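Under my numbering, read the sequence shown as residues -9 to 101, first letter to last.
Hints listed in this document are in silico derivations from the structure and should not be mistaken for laboratory results.
Keep in mind the model is a prediction, meaning the values are calculated, not measured.
Not one of these hints is a red herring.
Taking CB as the label site, the calculated pair distances span:
1) Ile59 <-> Glu6: 19 to 25 angstroms
2) Ser13 <-> Asp52: 17 to 23 angstroms
3) Arg24 <-> Tyr54: 36 to 42 angstroms
Cβ atoms here follow ideal geometry from the backbone N, Cα and C, with glycine treated the same way.
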Amino acid sequence: MGQIVVPIFYHVDPSEVRTQTGSFAEAFDAHEERFKNNLGKVQSWRTSLTQVANLSGFHLQDRYESDFIQEIIEKILSDWIRTLPMSPKTLWELDLVSRNDEDMFTYRKRE
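Sequences are here, hints too, so could you generate the full structure?
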């Protein structure tokens, strides 16, 4: 099974991650000083962050954190449920269940 990568930008602008500016520039300056004998490692981190920031993901912007988290959960579960074996004998369904004012996802085999 392949991996699913879902970038989550929590109180950080994806463009700062992509270009390593702002607080990311400061952090990488410190990493370059700390790992001055292994700058290849730091460059690898830079490249990885750029690649991840170019993926479609979630960016917390002017909205409630609870809505943000709910959206992430729905995306991850919907992507995950598609990886389950599907055949006429094996059907799955995903339900959002509310219990005691708390939303919970459940999945089960459909009878």
